[in-house]
Every structure is written in C-alpha cells, then in structure tokens.
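Asker: Here are the chains, one letter per residue:
Protein chains: 2
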Amino acid sequence: MNCEVVAVGSELLLGQITDTNSVWIGEQLALAGIDSHYQTKVGDNPDRIVSVLELALKRSDAVIVCGGLGPTQDDITRAAIAAVMGVELVRDPQVLSAIEAKFRARNRSMPSNNERQAEIPQGARVIPVIPGTAAGLICPINNAKGEKVIYAVPGVPWEMREMMHQGVLPDLHRRAASGAVIRSRVLRTWGLSESSLAEQLDKEIRRLDQSKAATIAFLASGIEGLKVRITAKADNETAALKILDDEAARLEALLGSIVFGTDDDTMESVVLAQLRAQNRTLALAESFTGGLIASRIVGVAGCSDVFRGAVVPYHLDLKQSLLGVQERQVVSERMVIEMAAGACRSLNADVGLATSGVAGPEPHDNTEVGVLCIGVCIDDFAEAITVKLPFDRERIRQFGCITALDLLRNRLKRRCV
Amino acid sequence: MNCEVVAVGSELLLGQITDTNSVWIGEQLALAGIDSHYQTKVGDNPDRIVSVLELALKRSDAVIVCGGLGPTQDDITRAAIAAVMGVELVRDPQVLSAIEAKFRARNRSMPSNNERQAEIPQGARVIPVIPGTAAGLICPINNAKGEKVIYAVPGVPWEMREMMHQGVLPDLHRRAASGAVIRSRVLRTWGLSESSLAEQLDKEIRRLDQSKAATIAFLASGIEGLKVRITAKADNETAALKILDDEAARLEALLGSIVFGTDDDTMESVVLAQLRAQNRTLALAESFTGGLIASRIVGVAGCSDVFRGAVVPYHLDLKQSLLGVQERQVVSERMVIEMAAGACRSLNADVGLATSGVAGPEPHDNTEVGVLCIGVCIDDFAEAITVKLPFDRERIRQFGCITALDLLRNRLKRRCV
Numbered sequence: 028m029n030c031e032v033v034a035v036g037s038e039l040l041l042g043q044i045t046d047t048n049s050v051w052i053g054e055q056l057a058l059a060g061i062d063s064h065y066q067t068k069v070g071d072n073p074d075r076i077v078s079v080l081e082l083a084l085k086r087s088d089a090v091i092v093c094g095g096l097g098p099t100q101d102d103i104t105r106a107a108i109a110a111v112m113g114v115e116l117v118r119d120p121q122v123l124s125a126i127e128a129k130f131r132a133r134n135r136s137m138p139s140n141n142e143r144q145a146e147i148p149q150g151a152r153v154i155p156v157i158p159g160t161a162a163g164l165i166c167p168i169n170n171a172k173g174e175k176v177i178y179a180v181p182g183v184p185w186e187m188r189e190m191m192h193q194g195v196l197p198d199l200h201r202r203a204a205s206g207a208v209i210r211s212r213v214l215r216t217w218g219l220s221e222s223s224l225a226e227q228l229d230k231e232i233r234r235l236d237q238s239k240a241a242t243i244a245f246l247a248s249g250i251e252g253l254k255v256r257i258t259a260k261a262d263n264e265t266a267a268l269k270i271l272d273d274e275a276a277r278l279e280a281l282l283g284s285i286v287f288g289t290d291d292d293t294m295e296s297v298v299l300a301q302l303r304a305q306n307r308t309l310a311l312a313e314s315f316t317g318g319l320i321a322s323r324i325v326g327v328a329g330c331s332d333v334f335r336g337a338v339v340p341y342h343l344d345l346k347q348s349l350l351g352v353q354e355r356q357v358v359s360e361r362m363v364i365e366m367a368a369g370a371c372r373s374l375n376a377d378v379g380l381a382t383s384g385v386a387g388p389e390p391h392d393n394t395e396v397g398v399l400c401i402g403v404c405i406d407d408f409a410e411a412i413t414v415k416l417p418f419d420r421e422r423i424r425q426f427g428c429i430t431a432l433d434l435l436r437n438r439l440k441r442r443c444v
Numbered sequence: 028m029n030c031e032v033v034a035v036g037s038e039l040l041l042g043q044i045t046d047t048n049s050v051w052i053g054e055q056l057a058l059a060g061i062d063s064h065y066q067t068k069v070g071d072n073p074d075r076i077v078s079v080l081e082l083a084l085k086r087s088d089a090v091i092v093c094g095g096l097g098p099t100q101d102d103i104t105r106a107a108i109a110a111v112m113g114v115e116l117v118r119d120p121q122v123l124s125a126i127e128a129k130f131r132a133r134n135r136s137m138p139s140n141n142e143r144q145a146e147i148p149q150g151a152r153v154i155p156v157i158p159g160t161a162a163g164l165i166c167p168i169n170n171a172k173g174e175k176v177i178y179a180v181p182g183v184p185w186e187m188r189e190m191m192h193q194g195v196l197p198d199l200h201r202r203a204a205s206g207a208v209i210r211s212r213v214l215r216t217w218g219l220s221e222s223s224l225a226e227q228l229d230k231e232i233r234r235l236d237q238s239k240a241a242t243i244a245f246l247a248s249g250i251e252g253l254k255v256r257i258t259a260k261a262d263n264e265t266a267a268l269k270i271l272d273d274e275a276a277r278l279e280a281l282l283g284s285i286v287f288g289t290d291d292d293t294m295e296s297v298v299l300a301q302l303r304a305q306n307r308t309l310a311l312a313e314s315f316t317g318g319l320i321a322s323r324i325v326g327v328a329g330c331s332d333v334f335r336g337a338v339v340p341y342h343l344d345l346k347q348s349l350l351g352v353q354e355r356q357v358v359s360e361r362m363v364i365e366m367a368a369g370a371c372r373s374l375n376a377d378v379g380l381a382t383s384g385v386a387g388p389e390p391h392d393n394t395e396v397g398v399l400c401i402g403v404c405i406d407d408f409a410e411a412i413t414v415k416l417p418f419d420r421e422r423i424r425q426f427g428c429i430t431a432l433d434l435l436r437n438r439l440k441r442r443c444v
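Chains D and Z, in that order, give the protein sequences.
Numbering-wise (our numbering), the first sequence opens with residue 28 and increments by one.
Numbering-wise (our numbering), the second sequence opens with residue 28 and increments by one.
Hints were generated in silico from the structure; no laboratory data involved.
The reader is advised that the hints may include incorrect statements.
Put simply, identical chains are the same to the list, so a pair is met inside one copy or across any two.
[As the list claims (entries may be wrong)] Subject to a maximum C-alpha distance of 30 Å in a straight line, what follows is the list of computed DSSO-like cross-link-like pairs (lysine-lysine):
| hint | residue 1 | residue 2 |
| --- | --- | --- |
| 1 | K129 | K415 |
| 2 | K85 | K260 |
| 3 | K239 | K85 |
| 4 | K175 | K85 |
Excised from the complex, chain D in its bound form (with noise of 0.2 Å):
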C-alpha cells in the first residue's frame, strides 16, 4: 500500500506560503506505515491538476489532494477529480444543508457561492466530519488492476487535519489491513542520536522481530529530537491499544529519562504540565535565548497560572539591576546561577531558568561560538550545566532553547517531592 500527496494552489508554487500540510501528511503516513514515494505542487489550473492526478493513480494506490474546496471559481478540485473519475458532478443535498446549518449558526445567510461547495463528484463519499465549509471526499477509482482511491482535504490546516484523523487515516488503515486494526503512538525522545537509540534498542527491536507484537521506526524532527513510534497490528482496537501500552512502557523502562512525552505533546508543554502538577511557578532570565524561551511558553494556551514572566537582560548592566546579579563574567555557569536565582526573586517564582552564551557570528568575551550555560534554579537550590553547540546563530539559538527547557524538565523530575 502507498500513498502520494497533491497540494493544490497557485500560491504554493509562488513561494507565498510554505506547504506545511504536506510535510504534516507525510509525517503522518510514515506514522501510520503507509510509503509514500512522491509529493506535488500544482496551481489552480483545471488541465495540470488533472494530469498530476492521473500520474499520481498510475504510481500509488492512493491520492492524498489537499486544497482547492473552497467555495471560489479558483477552487476546481472537485471538478478535476469528477474529470478524472469520468463522472457528473452532482449537488449533495446533505452535504448542502451542513454548510447552510455552519452559516445559521452564525447568524448569517449562505452566500450562493458556498452552494458549489456541495458539487461533489457522482460515487464519492463524504467525510463524515465537517469541520468548516469545505467537505472532505473519498473518491473510489476502479480500473483493471483493481480499486484505487483520491482522498480530498481542505487546505485550512486544522481541518485537514481533523479529516486526515477522522476520515482519511482510519480508511487507509482498512484499505491496508484488511480487517485488523493498526494503531500506533510515538514516544518523543530528546538528547540521543538515531544511532544511539538504535543501539539501547537493539535486544527489544530484535525480540519484536522474532514476536511480530509491534514494529518500532525512528523519525527524526530536526532540533525537537527523535520520534520513535509504535506500531501495533491486532483483530480489534482494545488488542492494539494493550499492545502499544505494553510495548510504551517496555520501551520507556529501557530509555529512561530521554522520553519527554508521547504523540503531541512538546518541550514546553511537558515542562508546564509538571510545573502545575508540582504547584510551582516559573520564571526565565534569557540573556543568549533572547524571549525565544519565553514565545514558546507564552504559546502554550492557559500558561498564565504557572508562567510569571522573563526578563532578556542583554547587556550586564540591566543583569545586575533587574536581577541583582554580582559576577561579571557574562558567559559563565556562575552568571547563569545568579541569574536563575535572581529571576526568582526578582521575579518571585518558585522555578528560575536561565540562559547566557555567544550566538554568534563572532566569538565575544573570549568565549567560542556556540558556548552556551544554562542555570536552573528550583526553591532557592541553583545549579548550571555548560554547552557547546553547532551550527549558525538561528540553529545555535533554536538548539539552545530546546536544551533549556529540557535541562529544567530533568532538573523538576529529580526535584518531583
């Protein structure tokens, strides 16, 4: 079974928007098992996205297309998946009375155009799930070789993604297991190599191989660390679900404490769930980080009842009279004490993390390139780590807030009584 993905939209190809539904989708097949050997970009033209359509049935099994289901003329891909069905496009009057239904809501009436959102292809099924205005398609496709199928999404992605969840992925998983249920859950890891991981792994990886329990993959996500899913095959949903259970905590006794989480949770999200469970505030004194740390926090909705607030104490002067710190040597782990210990203070905050180090381009105080110290402070009992990172300013600074947050996530572990 494989899959490809078609983006649908003119503004895509123009460098306007960055197709991140696609990399979600991809993400998401990997997830799930499916290969996916091919993903395109093609314009609002009614010619070019019907060839890409018909190339991509030839190629894999099934189409993923994303955009092009809004209720404007530039929206055709229900027209060009009619096209390639060799169908009518016909009214749905279901389909119809949902998005008049959204409009009431609302108090407003439908605009005629919203009318071709319930144009649908003649033998596509709807998704059940609505999530806007747009109507999500499975479109059976049968040729000789037997059936294929063209999945179509919205290009809003939290209702993509809700259709992917709710309508797509559980049809993919039927197509492909014919009758069992697969289920997976990733474990999010932070701090080993894939190499490494591979290597603490190895004896489980290698039972499952002789068991054929689960099977455990690796994906890698750029400075957020190392996913490592599980995935689980069984007759029905409660089997899988004990299996991936079963296999997650196996999998967290041999890993320790470099699993910070399981599926969506984050970094930052992980951090403010065990501030709250411990009933601890925090507060952050980012000199090198620059409020990097505290924009992820701040992202987090309903952080206001642990986050008290940051001080970015660039220059040494505002080190000392916003946070009271003494020493003088910008770049050092005592620098990072004071001023973890300080934002508790000053700040009055139970937890302090603080951070102080050379971005770069140019080496400063002395200090390389890349030098970062980290402080933590957690009731009044301070301590600092010293790192060396790779890579330019931006990654050295994305890297370093991804290694603060998981200092402190390991520091409030420790210190969970």
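Fit chain Z to the known structure of chain D by using the hints.
Answerer: Chain Z only, in chain D's frame:
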C-alpha cells in the same frame, strides 16, 4: 520560459524536514518573472528520480533539482542526471582540487567518499561558486525541440541560495532574455491589502503598460506584508539598474510610509537600522507578545549596540515591580503607555515598546480575543494605539508582533530629528 522545481530526499517525504528550499526557489522564480507550474518531492531512489526528471523536462523548459549532491551512497542526483542525459559520470579534476582545498584549509585531509562529489555528468558545466563541498551543475539537454536545461544545486539552504544567485538565476535570465539583461527589485510594504495597493498604483501600472519600461507584480508574504516587485529589461546592467532606481523612487512617492524596506530587509532589521542611525537604544515590555519581538530582534546579528533588553511581565504585579506601572486595567492604552515609559526607565533605554492584549483562546478581563494595545515611548514622549487582530492564538501573536514593530518604525520615522 518556465521552470519547475524537484526536491530530492526521503526525509522530505517522511515529514522530518520541511522543504523550505522549494518555497524560496519558487519565490525567486516569481520575482524573476519566470513561470513555474509544478514542484515535486521525491525520495532517494534512482528510478524515481530519473522518472521525475524526465517528466519535468517534458512539461517545462528548465528544471532545478535540489539536494542529493553530498558525498554518501544516498546522494544519487548526479548519477540520475547522467542517466537522463544518456552520458557517463566523469571526474572533474578542477572540482576535485577545489574540494581538496576546502579540507586543507580546515587542516583536514579529504575522506575518499568526497571524491564522489567531483564526478559530474559528461557535458555538464560546473557553477563557478562552490560554497560547501558540493558542486552545482548546469546540464544542457538537447532534443528535437531545442535546448532545455537541468540545474543541480545542494540541499543545504545557504549553499543553494548562493548558487541560485550566482549561477542559476543569471543563466535562466540569459536564456529567457536572449541577450537582454533582466533585473528586479522588491519593495517591502506592510499595512495595505493587495486590492488597496493595486488601487493606489493603478495609474502607474497603466502608465507602465504603455511605456513598457518595467513591470510591476505583487507577492503576498503572509503576516510580513506584500512585496511589490519591479522588473526591468534593458540592453545592459547599468540601464536596467537606472530603470529600477527611477521606478522605485516613483512607487515610494506614491505609496508613502507603507514601504518599509527593499529586497532582503525585514521589519526588525529596518527598525534596528533606524535606531542605530538616530543613536537611540531600545527596550521592550512584552506582555501579549511574550518575548516574540525580543527573539526577532536578537535574531539580527550585531543588535547589541542598540538593543538593551526586554521584560515579559506576564502578571500584573510584575508590571508594577519591574516597570513601576500604576495602572490596573491590564489591556488598556494607559497600561501600555506606562509599560513603554517604564521599560525606558528600568532598562535605561531611549525608546520603549510595549504590548498588552488578549491572545485567546478565551476572552480575559472583559476584553475580547484579539484586542491588542501597543505603546511607544521615545525620549519621554509616550503614546498608544489599540488594534483588533483576527485568527487564532498563534497568528494573533505573530500579527501583534509585526504590528508593534511597524508602529515603532513609523514613530521613529516621524521623530528622526
């Protein structure tokens, strides 16, 4: 003349890396006025790369293939192009010695793997600039319909960009213009919709339609505003640049303060340059934006001569203790005026910029989601505005960030004496 883009790498299909190279190349092609109808991602598989390249050559005049030029066994783009050209790979002694020289410069000897990087398809030209160890290629493809071309560039973004600027785009321009020189310049604008911009420039666009001196195009770049591209075609470089200078001056006069920069300028690089020219320093008080503005500013290398630092006072008591604020209505113009003035005082800066608002998902303090107050204080004179931003939490924060920077830019412009 049209040109499509092929990105090579299995990690792109697995969702491990977002293919930002194609986005950037797509924008460069649009800026250069070259049509681009398709973009394809394909994994590290020889047959699939060859089939994608052959298809691309069938439907486009030129193909830019990005990635797969490294030294490992996975890097098979060179071999795939040779197969498409129907030629052998031959070792290029000049490329080999250029790579050897790179290793010598770092006091390292060249691993034998890297010899692969000097193997190029017979008949291909090497792009003269080699920023890393991968050589870029210009590969002519002759068939019945005349000459087409494949360009090969590395997947490392900065290497790719340099080769695009130095090798690929000039060659594409030469092919497109058949002797003439094509140059373009981008005016960065912020604050007007595409239709308003078109309305303001309507007369000028009609004048250019008559005179044929230059063409104008609009390119959206999300929250970063609209780009206005001027393209000029002339017999030589000097004449083309003269046209660009004249037209840019004309457009800036018509558009006024919504033009914030040209070409590679960003809102934050422009604000930093203004402050530097005025010999003023900056401090931030970011409640709503939570460190986003600081992290953008610190992202600009060399900001420390101007940027003093920031405070993220997420709770009211920190607005009082760190910034000396008296006001108690959290989202109000009085609040951000006091915060901006407090930032100047507490962080010892000439200019203060402050944000306070409701990012959502829930209303707060009787204030709707999306309401943002921004305060600016320059040399003890403080003022504030209130805006209402659309969309979800993440985009509300991003929009708030750029809106605040733009307000500061305009106020600095007004008070530049």
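Asker: So, for every hint listed, does it hold in this structure?
Answerer: A quick look at each hint next to the structure:
no., hint, in the structure
1, K129 with K415, "between (53 Å within a copy, 24 Å between copies)"
2, K85 with K260, "within (28 Å within a copy, 43 Å between copies)"
3, K239 with K85, "neither (32 Å within a copy, 45 Å between copies)"
4, K175 with K85, "both (10 Å within a copy, 26 Å between copies)"
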